[in-house]
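Using the sequences and the hints, build the whole thing.
Take the sequence shown: its letters are residues 1 to 315, numbered as in UniProt numbering.
If you are wondering where the hints come from, they were derived from the structure by calculation, not from laboratory data.
Take these hints with a grain of salt, some might be off.
What the hints assert, rightly or not - Taking lysine-lysine pairs in the DSS-like style, the calculated list, with each CA pair at most 25 Å apart, reads:
1. Lys142 to Lys126
2. Lys212 to Lys308
3. Lys309 to Lys212
4. Lys126 to Lys202
5. Lys142 to Lys164
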Amino acid sequence: MSELSIGIIGSETERHSLYLFEELERQGARPFIIDNMPNRPFPLTLLEEKSHFEGRDLTETNVYFLRALFLPTPAFDATEVAEEGYAAYAAERERYATWLSWLMSAPFHNRLIVNPVDTLMIHFAKPYHLERLRAAGIPVPKTLVTGNPAQLLDFSREREVVYKPVAGGALCRLLTAEDQHPERLEALATAPVQFQECIRGKDLRVFVVGGKVIASFIVEGEGIDYREGTHTVQPFEITPEIAEISIRACESLGLIFSGIDFKLRPDGSVVCIECNPSPMFEGFDQVAPTSIVSQLASYLIEQASQMKKGDPALL
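In structure tokens:
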């Protein structure tokens with residue numbers, strides 16, 4: 001087991017990268033962190049099927065956990081460009097292209113990335129994310145993405161509505177009468193917003209790895225979005241039907257590991273809000289009967305062991 005190396009793509013200062021590192025080490029693997037923070041000399045070198053990170057040969061490492069890619073998708077902070085001009089833009093573009101090329105080439109070189117890099121896009125392109133789920137028969141909220149005030153007013157006439165950014169990055173809010181004043185609606189002309197029917201129920205988080213549900217929790221908060229203010233987390237046993245929906249949702253999006261957010265209705269049915277391609281889990285482990293990190297680490301080690309033998313990943 002000690003010969004199995006597993007890479008964590010993230011940062012040497014990011015909590016979840018370190019949390020998983022410690023657990024992999026505890027289980028006998030040799031983890032290392034591939035730090036892709038932009039404020040450092042570029043560390044990656046590619047030569048056909050060979051690759052090196054800060055001089056470390058990556059050829060012998062078959063399994064990587066993609067915690068975070070610290071390159072904005074698809075744009076980036078313009079502050080540096082404003083200060084340094086086109087050279088800063090060009091450098092950022094080249095860094096992005098190199099990291100992306102290495103990650104996308106992984107399957108050609110017998111490397112498993114958990115999760116595949118293209119799944120990071122679903123966190124940014126939320127309407128696409130929802131359409132993939134809907135096409136797979138996963139129940140999702142009725143959703144309108146628009147910059148047209150008339151379309152919004154028509155959509156909200158028959159239902160309670162919440163709204164959030166199309167690209168994420170902000171809390172979910174309940175649409176109020178004040179939001180529908182003409183001066184507020186005029187702002188839609190600048191940028192579209194994602195509007196959804198408000199699903200009333202409990203917040204349910206389900207974790208899946210390798211096609212298996214490994215943990216599930218009820219999260220109780222103070223408002224529409226439990227991330228705002230204080231909240232409590234309790235383990236919750238889901239039904240086989242919800243487990244099946246969770247696994248199918250991951251399969252439809254190509255996710256090996258995910259934290260899936262549902263609304264659990266009073267009748268026991270669920271509506272999928274989103275599937276997170278790089279979920280936080282350290283906080284949930286404080287109350288989990290079996291820690292998520294231990295099960296994730298075991299899965300990564302199992303895949304690395306399988307691939308070291310020359311066999312394909314189990315997935």
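Hints and how they fare:
1. Of the supplied pair hints, the one linking Lys142 and Lys126 holds, its CA atoms being roughly 13 Å apart against a limit of 25 Å.
2. Restraint check for Lys212 and Lys308: satisfied, since their Cα atoms lie roughly 23 Å apart, inside the 25 Å limit.
3. For the hint linking Lys309 to Lys212, the alpha-carbon distance of about 23 Å falls within 25 Å, and the restraint holds.
4. Under the criterion of a C-alpha separation no larger than 25 Å, the hint pairing Lys126 with Lys202 is consistent with the structure, at around 22 Å.
5. Distance hint between Lys142 and Lys164 is fulfilled; the C-alpha atoms sit about 14 Å from each other, no more than 25 Å.
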